[in-house]
Amino acid sequence: MVSCDLKNPDYGFNYCPSLPAAILFTVLYGLAVIGHIFLAYKYRKPFCWVLIMGGTWEFISILTRVVLIFSPYNQPLSNVSFVFLVLAPLWINAFDYMVLGRMIYYFLPDHKVLGVRAERVAVFFITSDITSFLIQLCGALFAVRKNATSTTQGLHIYTAGVCIQEAVIIGFFVFSIIFQRRLPSATRSSGATKLIYVLYASLALITYRIIFRIVEFSAGAKSSIHRAINNHEWYVYVFDEAPMLLALVVFLIYHPGRALKGPGSEFPKLTKEQKVARKEEKKRIKDERKIQQSGRGHMSNDSNHIGLVDTDVEARR
Numbered sequence: 001m002v003s004c005d006l007k008n009p010d011y012g013f014n015y016c017p018s019l020p021a022a023i024l025f026t027v028l029y030g031l032a033v034i035g036h037i038f039l040a041y042k043y044r045k046p047f048c049w050v051l052i053m054g055g056t057w058e059f060i061s062i063l064t065r066v067v068l069i070f071s072p073y074n075q076p077l078s079n080v081s082f083v084f085l086v087l088a089p090l091w092i093n094a095f096d097y098m099v100l101g102r103m104i105y106y107f108l109p110d111h112k113v114l115g116v117r118a119e120r121v122a123v124f125f126i127t128s129d130i131t132s133f134l135i136q137l138c139g140a141l142f143a144v145r146k147n148a149t150s151t152t153q154g155l156h157i158y159t160a161g162v163c164i165q166e167a168v169i170i171g172f173f174v175f176s177i178i179f180q181r182r183l184p185s186a187t188r189s190s191g192a193t194k195l196i197y198v199l200y201a202s203l204a205l206i207t208y209r210i211i212f213r214i215v216e217f218s219a220g221a222k223s224s225i226h227r228a229i230n231n232h233e234w235y236v237y238v239f240d241e242a243p244m245l246l247a248l249v250v251f252l253i254y255h256p257g258r259a260l261k262g263p264g265s266e267f268p269k270l271t272k273e274q275k276v277a278r279k280e281e282k283k284r285i286k287d288e289r290k291i292q293q294s295g296r297g298h299m300s301n302d303s304n305h306i307g308l309v310d311t312d313v314e315a316r317r
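Taken in order, the sequence shown gives residues 1 to 317; the numbers are from the UniProt record's numbering.
Simulated from the structure, these hints should not be mistaken for lab results. In this text, a Cβ means the ideal position worked out from N, Cα and C, and glycines have one as well. One or more of the hints may lead you astray.
Claimed, not checked - Computed list of lysine-lysine pairs in DSSO-like fashion (alpha-carbon distance at most 30 Å, straight line):
(1) Lys112 x Lys282
(2) Lys279 x Lys290
(3) Lys194 x Lys279
(4) Lys112 x Lys194
(5) Lys261 x Lys42
(6) Lys42 x Lys112
(7) Lys269 x Lys42
(8) Lys112 x Lys261
Unchecked claim - Derived DEER-like restraints, expressed as beta-carbon distance ranges:
(9) Leu6 x Val123: 44 to 52 Å
(10) Trp49 x Tyr235: 54 to 62 Å
(11) Ser18 x Lys269: 41 to 49 Å
(12) Val215 x Asn74: 46 to 54 Å
(13) Val116 x Cys4: 53 to 61 Å
(14) Lys7 x Lys261: 56 to 64 Å
(15) Ser223 x Val174: 30 to 38 Å
(16) Gln75 x Phe173: 38 to 46 Å
(17) Val123 x Lys286: 18 to 26 Å
All chains, please: the whole structure from these sequences, using the hints.
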């Protein structure tokens, strides 16, 4: 039986949580994840596992919320729900970066934007996302501690990670717009334009959620804003659960597999021989640089030696 004991300091919520809302979002997230598993298989897009992971983390977060409503004094479970809730969007964000990298490779003849190859575009933004993820993870782990000082520090660390995430998203927006302008005219009427707008929608929803988190956590755990948000459940659904669910849904409406079809829709996979050849080429270039640097060093030493000899000759004269 569901109970609501707000007078008990160990009660897991600062309000009486809505069981129907939690169940509804659990079902919706579950359906979204199943839908993406089906579409990833249908369109043969293995990289979609990243988006599926994001949806799964959101599902775990809201499912643990349902369990918490029945067991509101379970602090470890509350911590699990919080950590999955605040970190899940990073997976969806990373998926956006992966999609654009593949679009650049597939739709642009030179596979480049601003002179940067498609593979490197994806690697750069995903690396930035991982960095933000680690910072936010560290902050989230600090924030779930009982100690008030640790909680405040954790929220500030988490907010810093979120700010980094948003700064990268802004840069990514600019990159996406440049890519869109470079699309060949024949391609603009195809799925490329639809997919880029889906990408914009996903990023806008993530940004909407990030702004909410920055406002909530930047002032600290004792701020009036933070207390107001913690005391009203609707903030969680309107500013976190709903936008992330929509970010999954927009990719269900227009899946990347509908635009990225056939040869060139994925980054080329190197064969074992090609990997060995690339490794040997890197080693050769490295050895050549060492030889060149060594040669410059010898020349410098020889010049110094000649200079000493000349000085000695002049002294004798």
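We went through each hint and held it up to the structure:
no.	hint	in the structure
1	Lys112 x Lys282	holds (22 Å)
2	Lys279 x Lys290	holds (17 Å)
3	Lys194 x Lys279	violated (39 Å)
4	Lys112 x Lys194	holds (20 Å)
5	Lys261 x Lys42	holds (12 Å)
6	Lys42 x Lys112	holds (29 Å)
7	Lys269 x Lys42	holds (21 Å)
8	Lys112 x Lys261	holds (19 Å)
9	Leu6 x Val123: 44 to 52 Å	holds (49 Å)
10	Trp49 x Tyr235: 54 to 62 Å	violated (31 Å)
11	Ser18 x Lys269: 41 to 49 Å	holds (48 Å)
12	Val215 x Asn74: 46 to 54 Å	violated (29 Å)
13	Val116 x Cys4: 53 to 61 Å	holds (54 Å)
14	Lys7 x Lys261: 56 to 64 Å	holds (59 Å)
15	Ser223 x Val174: 30 to 38 Å	holds (32 Å)
16	Gln75 x Phe173: 38 to 46 Å	holds (39 Å)
17	Val123 x Lys286: 18 to 26 Å	holds (21 Å)
Against the hints set out earlier in the document, violations occur for numbers 3, 10 and 12.
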